[in-house]
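Enquirer: Listed here are the chains, written in short residue letters.
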Amino acid sequence: MAGAAVLGRLTWRVATIRDMREETARAKSLVLDVPDWPGHLAGQHVDVRLTAEDGYQAQRSYSIASAPEARGLELTIERIDDGEVSPYLVDEARPGDRFELRGPIGGYFVWHAGLDGPLGLIAGGSGLVPLMAMLRHRRAAEATNDARLLVSAPRFDDLLYRDELDGARITLTRQAPPGWDGFTRRIDAEMLQAIWPAPGARFYVCGPTPFVEEAARLLVGLGHEPAAVRTERFGPTGG
Amino acid sequence: MPPISRGFRSRRRTGLDPSRVPPGQYVTDDFPVLSAGPTPHTPLDQWSFAVGGAMEAGRSWTWEELLALPAETVTVDIHCVTKWSKLDTRWTGVSVDVLLEETQPWGDYVVAFCDGGYTTNLPLEDVTGGRAWIAYEFDGEPLEPEHGGPVRLLVPHLYFWKSAKWVRGLNVTDTDEPGFWETYGYHNRGDPWQEQRYWGD
Amino acid sequence: MHTDGNHIAGLLAEVFTGELTAAVRACETCGARRPVGAHRLYAGAGYVLRCPDCGDLAAVVYERGDGYALSLRGTWLIGRAP
Chain A
1 MAGAAVLGRL TWRVATIRDM REETARAKSL VLDVPDWPGH LAGQHVDVRL
51 TAEDGYQAQR SYSIASAPEA RGLELTIERI DDGEVSPYLV DEARPGDRFE
101 LRGPIGGYFV WHAGLDGPLG LIAGGSGLVP LMAMLRHRRA AEATNDARLL
151 VSAPRFDDLL YRDELDGARI TLTRQAPPGW DGFTRRIDAE MLQAIWPAPG
201 ARFYVCGPTP FVEEAARLLV GLGHEPAAVR TERFGPTGG
Chain B
1 MPPISRGFRS RRRTGLDPSR VPPGQYVTDD FPVLSAGPTP HTPLDQWSFA
51 VGGAMEAGRS WTWEELLALP AETVTVDIHC VTKWSKLDTR WTGVSVDVLL
101 EETQPWGDYV VAFCDGGYTT NLPLEDVTGG RAWIAYEFDG EPLEPEHGGP
151 VRLLVPHLYF WKSAKWVRGL NVTDTDEPGF WETYGYHNRG DPWQEQRYWG
201 D
Chain C
1 MHTDGNHIAG LLAEVFTGEL TAAVRACETC GARRPVGAHR LYAGAGYVLR
51 CPDCGDLAAV VYERGDGYAL SLRGTWLIGR AP
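Residue numbers (the working numbering), protein chains in the order written: chain A, 1 to 239; chain B, 1 to 201; chain C, 1 to 82.
Think of the hints as simulated: they come from the structure by calculation, not from any bench.
Warning: the hint list may mix true and false statements.
Under 8 Å between C-beta atoms, here's a sample of chain A residues computed to sit facing chain C [said to hold, decoys possible]: (1) D47; (2) S61; (3) I80; (4) R102; (5) I105; (6) G106; (7) G107; (8) Y108; (9) T171; (10) R233; (11) F234.
Chain B regions said to be covered by chain C (calculated; three or more residues, Cβ under 8 Å) [as the list claims (entries may be wrong)]: (12) 24 to 38; (13) 180 to 186.
C-beta atoms are modelled at their ideal positions from N, C-alpha and C, and glycine is treated no differently.
Please model the complete structure; the sequences and the hints are all you need to start from.
Expert: Take a look at the structure:
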C-alpha cells in the first residue's frame with residue numbers, strides 16, 4: 001500500500017485555487033496548488049476549512065476527484081442550496097483564492113491499481129467524485145482490471161464528468177432526454193444483476209445515505225460478499 | 001493566523017443583543033438536526049408518557065390524554081453545545097409542573113428516558129417552576145420526528161442535549177444518574193451561561 | 001439521518017495520529033466484523049459511531065477545548081504502520 005494511506009500527524013496546509021472548471025450548472029471542479037502535497041490514493045478525501053474575516057470557521061470534507069498521477073489536486077464541489085460552504089466554493093471563489101486543506105484522509109474507501117479483481121462502481125449524484133478518481137487512476141496506471149460504473153442522477157444535465165462516461169451505465173431518475181436509451185428508474189436488483197451478473201468484483205458505492213444503503217442491501221441480496229462492498233455515505237454532518 | 005478566504009461569510013447572525021447569546025455561541029436561523037442514533041417511530045396508539053421513580057405516586061398518559069392536559073405556547077431561545085443558538089423559537093406543550101402535580105417527588109434529580117434508549121439527567125429544580133415542558137408542537141406545527149416528534153422534553157435554559165428527543169417519561173431519582181452524553185463526558189447540569197459543556201468545566 | 005465513519009476520518013487521525021477507517025471492529029453484541037469506515041455515524045452533541053449491522057454503540061468521540069474525549073466499545077483491530 002502506498003505510504004499516502006498511512007499518515008503521521010495530519011496538518012493543515014494552505015491550498016490556492018489555480019483553476020476552476022464548470023461541470024454542471026451546480027458543480028465546479030477546483031484545481032488546487034498545495035505545497036508539499038504528499039500524494040494520495042483514489043477514493044481519499046480532504047477536509048477544507050474556510051475562515052471569514054471575523055474569525056468564524058467552517059469545515060467540510062470533499063472527495064478528491066483527480067488521479068494520484070495528475071498534476072494538481074482536483075476537487076469537485078456540488079452546490080447544496082442552503083449550504084454554508086459549497087455555495088461559496090462554487091459561486092464566489094475564484095483563481096487565486098485560498099483556504100486551508102487537510103489530507104489526504106481515508107484508508108477504507110480507497111482503490112489502487114495493485115488490487116486485483118474487477119471493479120464495480122456505483123454512484124448516486126455527487127458520489128461519482130471519488131469513483132471518478134478511481135477510474136482516472138486506473139486509466140493513468142494503464143490497469144487492466146475490468147471496471148463497470150453505474151451512475152444514478154436526476155437528469156442528464158446533473159451528470160458530472162459527462163465526457164468521461166463512455167461505457168458507463170446511467171440511470172436518470174427524474175427526466176430523460178428524447179432518444180435516451182439508458183435506464184430511467186431508481187436502482188433495483190434487476191439493474192444491478194444485469195451489470196454484474198456474477199460475484200467477484202470489489203464494489204465501491206458512494207452517494208447520499210439512503211442510496212448507498214439501498215445499493216449495498218441489493219448487492220448483498222444478489223449474493224455479493226458484504227466485505228467486498230465498500231461504502232461512503234455523503235450527507236450533512238450536524239450543526 | 002489561518003488565511004482568510006476572501007468573500008467567505010458565515011450565515012450566523014450578527015448585531016444581536018449580547019445578553020441573549022451565551023459565551024462561545026453563535027446565532028443561526030437554521031435548525032440543525034442532531035442525534036445519537038436513528039429516529040424512532042412509535043405509533044401513537046402504542047405511545048405513552050410516564051412519570052415515576054422517587055415519588056409517592058407515579059402517573060402515565062396516553063397520547064390523547066396528554067393532548068387533553070392544559071398546554072401553553074412559549075417563545076424561548078435554545079442553545080446547543082455544538083455552539084449554535086436559535087432565538088425566539090416557539091413551542092407548544094405541557095409544563096412539567098402539570099405532569100408532576102400530586103406526585104410528591106422526594107428525589108432531587110430526574111432522568112428523562114426516550115424511545116431509542118437515549119437518556120439525560122437533570123436536577124429536579126431545573127425542570128420545575130415553569131422551566132420545562134413536554135413539547136409536541138414547534139412553530140405551530142406538530143413536532144417532526146427528526147426534531148424529536150411526537151414529543152420532546154424542552155428545557156431551554158440548559159444546553160439543548162438536555163431537551164431529550166422522543167421522550168417517553170421522567171424518572172425522579174435521589175442520586176444524580178448520568179444519562180447518555182453525561183456518561184461520555186458532558187456536563188451533568190449544562191448551563192450555557194456558565195459554559196458547562198463538559199465534565200470538569 | 002446518518003452518514004458513516006469516513007466523515008470523521010480526519011478527526012480520528014488527529015486523535016490517534018493514524019488512519020482508522022480501515023481498522024476493523026468486532027461488535028461484542030452481534031459478532032459482526034466491519035471496518036470503521038462502514039460504521040454508521042450520528043452527529044449529536046458529539047459523534048457516535050454504531051455497528052452497521054445491529055446499531056450497537058461502537059465509539060463516542062468529540063473535541064473539547066482542551067483536547068478530545070473518546071470512548072470505544074467492541075474490539076478494534078488497529079494495524080501497524082508499515
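Enquirer: Would you mind marking each hint as holding or not holding in the structure?
Expert: Hints, one by one, checked against the model:
A least Cβ separation of about 5 Å between D47 (chain A) and chain C falls short of the 8 Å threshold, and the interface hint therefore holds. Look at S61 (chain A): its Cβ gets to within about 6 Å of chain C, closer than 8 Å, so that hint holds up. Contact between I80 (chain A) and chain C, as hinted, is not supported at the beta carbon level, the nearest pair being about 14 Å apart and thus beyond 8 Å. Checking R102 (chain A) against chain C: minimum C-beta separation of about 6 Å stays under 8 Å; hint holds.
A least Cβ separation of about 4 Å between I105 (chain A) and chain C falls short of the 8 Å threshold, and the interface hint therefore holds. Evaluation of the G106 (chain A) hint against chain C yields a held restraint, the C-beta minimum of about 5 Å falling below 8 Å. Interface hint status for G107 (chain A): upheld, as the beta-carbon distance to the closest one in chain C is roughly 4 Å, under 8 Å. Of the supplied interface hints, the one on Y108 (chain A) holds, with its beta-carbon coming within about 3 Å of a beta-carbon of chain C, less than 8 Å.
Using the Cβ-Cβ criterion of 8 Å, the hint placing T171 (chain A) at the interface with chain C is not satisfied: the shortest such distance is roughly 23 Å. Nearest Cβ of chain C to the Cβ of R233 (chain A): about 4 Å, under the 8 Å cut. The hint holds. Checking F234 (chain A) against chain C: minimum C-beta separation of about 7 Å stays under 8 Å; hint holds. Proximity of the segment 24 to 38 of chain B to chain C, defined as three or more residues with a beta carbon under 8 Å from a beta carbon of that chain, is established by the 6 residues found.
Under the rule that three or more residues need a Cβ within less than 8 Å of chain C, the assignment of the segment 180 to 186 of chain B holds, with 4 such residues.
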